[in-house]
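Quick note, the sequences are listed as chains A and B, same order. Mind the numbering: the first sequence is residues 5 to 154 in our numbering, read in order. Mind the numbering: the second sequence is residues 5 to 154 in our numbering, read in order.
A portion of the hints provided could be inaccurate.
[Claimed, not checked] Calculated cross-link-like contacts (lysine-lysine; reagent style DSSO-like; alpha-carbon spacing at most 27 Å):
no., chain 1, residue 1, chain 2, residue 2
1, B, LYS11, A, LYS116
2, B, LYS90, A, LYS121
3, A, LYS89, A, LYS10
4, A, LYS90, B, LYS121
5, A, LYS90, A, LYS73
6, B, LYS10, A, LYS61
The set of hints was computed from the structure by calculation and includes no laboratory data.
Below, each chain spelled out in residue letters.
2 protein chains.
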Amino acid sequence: MKRQDKKSNCAINYALETIGDPWSLLIIRDMVNFGKKTYGEFLASDERIGTSVLAHKLTELEHQEIIRKQPGAIDKRKAEYYLTKKGINFVPLLNELAVWGTTYDEHTAANKTAIAKYQADRQGVIDRTKRVLREYGTVLQNFDYIYANK
Amino acid sequence: MKRQDKKSNCAINYALETIGDPWSLLIIRDMVNFGKKTYGEFLASDERIGTSVLAHKLTELEHQEIIRKQPGAIDKRKAEYYLTKKGINFVPLLNELAVWGTTYDEHTAANKTAIAKYQADRQGVIDRTKRVLREYGTVLQNFDYIYANK
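Excised from the complex, chain A in its bound form (with noise of 0.2 Å):
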């Protein structure tokens, strides 16, 4: 994005339209909550994303620096997308989204515990949750830890 296309000087500005549409936040949810990180992946997601937008979205976010796309460990020619430090700083924005839709979703498949001890304690969550990141790309088998009591 152009500097002349931003429409103020607001931080919260920023952010959304750093964001665009609600799916680069989904795409970061399958790779932070679901350990997800090709391509296929992200397409077999319930929203049922399509596969234009999809690649449009990874290129964006490539782009942005929020994903950075290597090589797959398997099969080279099968990209990998993994989680920049500027990707990782937007957990807190995702653990507010599942915090508000679970309060107002009767009918969300959210674990109400992990959200409940979240909101007892969001900067012990939200710094181990980063590190999980940092180390393992997904919060998936870590949970115990990043969930842990004080």
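Position chain B relative to chain A; hints supplied.
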């Protein structure tokens, strides 16, 4: 939004679908941070929302019970909008947008001291902000209390 329109049972997706597009959060920001409460005040914001989009968004937010409309205190024909509890619960999300935006937007007009204090005491700032919003509808003139040192 009808249930069958929802794309998944993910709480994050639910929140994103409810928000719809950035304008909703910018209107909530205008109420929280700048004490705006009338159509004319929202229209005057830097991001230059269009008149028909604004009218549509206000109706939508009212329908979702995120804001409520009431006759103006001085001129009854001039409607005023206030956040409901459901709307006030977007505060942590707004704060995290501000944190992310301030981190990556070098031209931000955000109050970096306030952002730093929030990051050092998320829970306290959230609690105090909600208390102030329930009482006054905006954080204006209550910054010292909200960002007080513990």
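Going down the list of hints, with the structure as the test:
1. Pair hint LYS11 of chain B plus LYS116 of chain A holds up; C-alpha atoms about 20 Å apart against a cutoff of 27 Å.
2. For the given pair, LYS90 of chain B sits about 20 Å from LYS121 of chain A by alpha-carbon distance, which is consistent with the 27 Å threshold.
3. Our distance criterion of 27 Å between C-alpha atoms is met by LYS89 of chain A and LYS10 of chain A, whose separation comes to about 23 Å.
4. Taking the CA atoms of LYS90 of chain A and LYS121 of chain B, the gap is near 20 Å; set against the 27 Å cutoff, the hint holds.
5. With a CA separation close to 14 Å, the supplied pair LYS90 of chain A and LYS73 of chain A stays within the 27 Å bound.
6. A threshold of 27 Å between alpha carbons decides the hint, and for LYS10 of chain B with LYS61 of chain A the separation of about 21 Å falls inside it, so the pair holds.
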